[in-house]
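Novice: Chain by chain, the residues run as shown.
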Amino acid sequence: MRRAGAVETSIGVFILILLVTIAGGVYLYGAFSPNGPYRHRSILSSMGSSVPSYLPGDLAPFGREQTFDSQTLADQIDGKADFYLSSGFVKLTVNRFARKTDAKSWIEVSVYDMRNPADAFSVYSLQKRKGSRPLELDGDISAYRTEDAIFFTAGPKYFEIISSARGLMDDMTILAKNLSKEQPRSAELKTESFFPRESLDQSTISLHIEDVFSFSGLDHVYTAIYTDRGCRVTAFISRRKDPKEARDMAAAYGKFLLQNGGTAAGEISEAPGSKIFKVFDTYEVVMHQGRFFAGTHEVDKLESAKEVALQVYHKLSETVK
Amino acid sequence: MRITIVRRITQAFFFALFLWFCICATPGQIFFRLRGWPVNWFLQLDPLVALGSILTTRTLYAGLLWAVATVALTALLGRFFCGWVCPFGALHHLVGWIGWRARSVRERTAVNRYRDTQRIKYYVLLVLLAPALGGLALHLADSSRVDPLGIAAALAILAIAVAASKRADAKLRRPLSLLAGLAVVWASAGWFLKLDGVASSALMTGFLDPIPLVYRSVNLLFLPLADSSVHLVFAAQRHYETAFLTATLFLGALFLNLAIPRFYCRFVCPLGALYGLLGRYALWRVGKKPGKCSQCGLCGSRCEGGCDPAGAIRISECVLCLNCLDTCNDHLMGYNTFRSASGETLSPDLSRRGFVTSALCAVVAVPMLRLDGKLGRNYDPALIRPPGSLAEPDFLDRCIRCGQCARVCPTNVIQPDTLREGLESLWTPALNMRAGTSGCQKNCTACGEICPTAAIRPLSLDEKLGLGSFSQSGPIRIGTAFVDRGRCLPWAMNRPCIVCQENCPVSPKAIYVKESFAEVRNGRLEAASVSGTTVTFSGPALRAHRFETGDFFAAVQSGSLSERRRIVSNSGNSLTLEAGVSPRLVTAAGGKFTLQIRLQAPVVDPDRCIGCGVCEHECPVSGRRAIRVSAEGESRSRKHSLLLK
Amino acid sequence: MSEKIKDRPGQSEMDRRDFLIRTAKMGVTVGVAAALGVFLHDPFGPRAPKEKPPVALPDFAVPRAGKKMAIATGADRIKTVNGAIQALGGMGSFVTKGDRVLIKVNGAFASPPSLCATTNPVLLAEVVRMCFLAGAATVAVTDNPINDPQSCFSLTGIAEAAKSSGAELILPEESLFTDMSAPGSQLIRDWPVFTGAFKGATKLIGMAPVKDHHRSGASMAMKNWYGFIGGRRNIFHQDIHTFIKDLAVMIKPTLVILDGTSTMVSNGPTGGSVSDLKQTNTMIVSTDQVAADSAGARLLGKTPRDLPFLVKAEQAGVGTSDFESLKPVRVTTG
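Chains as they are written, first to last, in this note's numbering: chain A, 459 to 779; chain B, 9 to 653; chain C, -8 to 325.
Just so you know, these hints were derived from the structure itself, not from any lab. A couple of the hints might just be wrong.
[What the hints assert, rightly or not] Distance condition first, Cα-Cα at most 30 Å in a straight line; then the derived DSSO-like pairs of lysine-lysine:
1) C/K303 x C/K269
2) B/K450 x C/K43
3) A/K538 x B/K517
From just these sequences and the hints, can you work out the full model?
Specialist: Shown next as structure tokens:
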């Protein structure tokens, strides 16, 4: 057998190092680049499906997938069908997964296809369960959990994952993560992300579709609750079609307040175009910035109403730029 | 550490990497799903893919730029790819080694000698590439299509040809100038004969290019077999058409190693031929150092390339296996910057006759193949291409038949096509709604994302669904569904169904229903008595419970008055109705009832249908479906439009 | 076959020259590959095919001729067509010396001239003669018929008429069609149009018989432009009135000659029997195709209101359906 010389050995070592580099490069690229070489996220999902491409633990599909449309929705959820139907419901898909070893431990995944992401967020936010705790899923997906269930929304879909027994929470969390990862994302910035984070209770962000604050002209408003020096402050943001519509909406809502017992109470000097109203014992701040109509609603203390409104205004100014 | 050991490790490494890319090409986010793995990497390293698509499209798509690195390394080192990287080569190497390891040195030396027939692979390369070249020439000739990029590309290629022919030995100069001459003849033919109806380019390399070949063979043949019991890679058993042809070629190539090691690499491989040409001027080459050679010939005994290292070594055949370094008793073989002490032979040595014949055949082949008119009026409406596919001629200019789209398709609906449109459609992707687990999924764009050559262009979900900035152009349609009223249960046989309508994923649905009430066979009855909601009949007995399904009605009619009541249950001679009929009307009608069935017959709204084929897949008429997608209306061809828009 | 490079004894003193030459060649290979790669690199791949911007076909109208019309009565086509064109100032006011005239006939069907489903060959020969007489350099006759072109042109007598009168016949070869969109057109978008026929032409005359047409109500001068369209054009039957309007917007002729000597009143547009014909002894010549067709409609017992394509074309500003407003010159020939 031939013995290799020093040069040959060092070339060999060099090549092996090269291989390790290639392997490392492929690994880093494949495992950590957000989309790899693929341009659109949809390839990463199994077709935006209601079943994740990978099931955790020893779970297996259990029974057939059921789908419900607007005609048959009431068969599945009797009480709340009308709420969904009036919020842009398109389709409900229900799948059950059970443990291979124990068919009594099952998880039920209900996926509500809504008309658009805003509708999905609305049904998610307006029926938050008691005793919910926030849940971290993929990226900035809004999610929360209770003792035995997980709720989240991604794109135009709203997900409910409930279980038959305790002790399935770990599997449910993995399931929710896998599912949420596989949903197509829209590149558009979400309105609800424009609420300043400081002193905000994330779980209180809600979307109101119409007749917001009993003003019939106002629709699609996100609200969030802040605590400012012990005072509860409801802040709101609504994205309008263009700056003009935002301005008009601010004027119209101000008029509405004046007609309903409100009086003008000055303005915030740092926020041009803003107006403060005193409505009976509470304060309202109404303002507009770019495409956004925003403000604070029914605040007990004037100072808190102004403070939170200003924070919202600054956050919006950053994004408008 | 001997370099041959390193080579084996490298081969194993790249083969494992290739297998990994095959395994993880299923859409998904977890570690062994697609996520961000560059599964096309071997295809992108393949300079034959790059060269072919440059010739047909005059562009180099995205990741195909990697081929430049392969070309550069080959020019520097020789055919390293064949002996060190190629996953197909590694398989041949292994099978050849298994088959020949027990043979005597004499036998091995004999089988590994250089054979004149090894030049066949250069003809193979020529035959596969010339149709693409024809397209380039035609493009140049057609002044209406001239663009600066195209001219530049053509000039560059011509320049290479001229430069090569100037520098090359006399033997090669002739064929090269002949090639240039052919291009000119072809161009002028295109100019004068108005051939564009028939003559155009085609990318044929994918048939035998080893990288697409090994991709499609492993992904569409062995992976589904290996995975069938564990289901780690695929959620359900996958099925792929043309399995027989794929297997014959792949296994045939492997078994031939038992006759001659690396048979495919030596005699067939067009990529190897291209590397042979590119590596002619390699700075380092295998050869003998000057010294006392005992002429034992052992250096050829385990030669993978059949490149005759004992004599005047043929650099273009050498795959850099470096076995000769190990087998040389005199320690004379090496990988040096100087030429072998026993001389070198520059191959390929193509005969002029062979060159001309094969080039001519190849150039004529595409027009001949296309005389069938399948790209024009005679197109096959059953050929449904994946969403985002280019118009057919452009598609055939790019598709390398690697099967990645069929591999990645989550529903297995993309199939490697058979010979339905002649040779050119073999292994190209076509949707088969019956073979898959569903139709084309509305929210999936995986095939276009993964296609390494953009024969299926990458669509955003917005573009596929016609949302956002694409709302003007509407969704991508791959065809239109047609109801076969002669086979459809409600239309032809008075049986309720509308599975297709239910499953239509388009919103609002592209399938709507026409409601009607049809008289059932022998459905004219005469009432003996009517009491409340129960009607009793005389005459032949009904099949009990048959009319209880909720779809059946009893109707009574007299003049312009009529009533229809749903049947709740029935016995042999009586019907119980949902609500009673008015006795007066029954009397007026002389007690005559008809049994009717409520039918909803599906109708396709061609304005909404996107051709996804979910209806066809779900149709309960399991053989030849009663609703089928046909290529009319597909977005990729205005000529196939069905509606005015 | 192969060329042996001479053995080089004493390689320890390496042949530097050989190495340098190889280095240069390798460098060229790498350089060309890299240059090609970078130069031709296309990171995005093909986009959705974009519709080409609309291209207007040439306007063949003679501006000084204005909008006018003549209606000649008589059974002899040669006399009526001469009479009508004389009444409009003679062929010389439309065709001048050196003009290259394109005549669009209706040669849609392979049927004999006696059935009047196609442009009458005697009339065609006479019009060609008049064009040459007015100084035309060349006259070309063309159509993209429904039936096989060769048999259409020969059976209708059009080929013979063209040949005998010295006109050239342009057959609808595939290469003469280009995909285009027409400005102001709703339906002619990215569609093959017989543009090759217009190459070099300076004047355009449309010659059509008056025929019953089941789908559109009537086939006359405007419907005749259908023959400038290629591809699977019959999909346009789904919205034929809009399509005929689009044709009339796209094609701006010098003159239309509408032959109502023998009108096909039933079983149009193919006819097939002389019993489908009615002797109406009318020859309509006009620079306004809408007016000509409106006058022709009368021969079929219809008014412009019965034919939506006329209304649409009028709304699009192609011409007037109130042809009397053009004060047509009426001529009677023996």
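Novice: Each hint: holds or not?
Specialist: Evaluated hints:
no.: 1; hint: C/K303 x C/K269; in the structure: holds (28 Å)
no.: 2; hint: B/K450 x C/K43; in the structure: holds (29 Å)
no.: 3; hint: A/K538 x B/K517; in the structure: holds (25 Å)
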